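Required output: the full structure, derived from the provided sequences and hints.
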Amino acid sequence: MDQVSQQAERFKELLGVVYEEVDSLKQEIIDLKKENSKLVSKIEDLRGKQTDIFSAISESERLALRQHVQGLVSKIDNHLNSHS
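Numbering (the numbering used here), first residue to last: 1 to 84.
These are computed hints drawn from the structure, not numbers from a lab.
Here the structure is a predicted model, which means the values were calculated and not measured.
One should not assume that every hint holds.
Stated by the list, open to error - Calculated lysine to aspartate or glutamate pairs in the EDC-like style (CA-CA distance at most 20 Å, straight line):
| # | residue 1 | residue 2 |
| --- | --- | --- |
| 1 | K42 | D31 |
| 2 | K33 | E44 |
| 3 | K38 | E28 |
| 4 | K42 | D52 |
| 5 | K34 | D23 |
| 6 | K12 | D2 |
| 7 | K34 | E44 |
| 8 | K12 | D23 |
| 9 | K34 | D45 |
| 10 | K33 | D52 |
| 11 | K33 | D45 |
| 12 | K75 | E59 |
Stated by the list, open to error - Label-pair ranges, simulated between beta-carbon atoms:
| # | residue 1 | residue 2 | range |
| --- | --- | --- | --- |
| 13 | K12 | Q50 | 33 to 43 Å |
| 14 | V40 | H68 | 46 to 56 Å |
| 15 | E59 | E35 | 50 to 60 Å |
| 16 | V40 | D2 | 38 to 48 Å |
| 17 | S24 | R47 | 28 to 38 Å |
| 18 | K34 | A64 | 25 to 35 Å |
| 19 | S55 | H79 | 28 to 38 Å |
| 20 | K26 | H68 | 51 to 61 Å |
Quick reminder that beta carbons are idealized off the backbone N, C-alpha and C, glycines included.
Structural data, given as structure tokens:
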């Protein structure tokens, strides 16, 4: 074989390797898209089950919590004002 035909044969071999890698990557993309879709569904399910803290407590508990926070804010204000 002359050098040109050897290079042509080597090129074909390398091109085959590239095609195999491309096919492998295409399959990996398909698999990752499927996994991503499953994970998105799982996140949506978990978000649907999630409740915030205020919807989980009663109205009287909310009022008590609000009063407690307001009392803490008042104490902080008094403390800051006494040191200025």
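Open item on the list: To test your reading of the hints: which numbers does this structure violate?
Closed with: 10, 12, 13, 14, 15, 16 and 18
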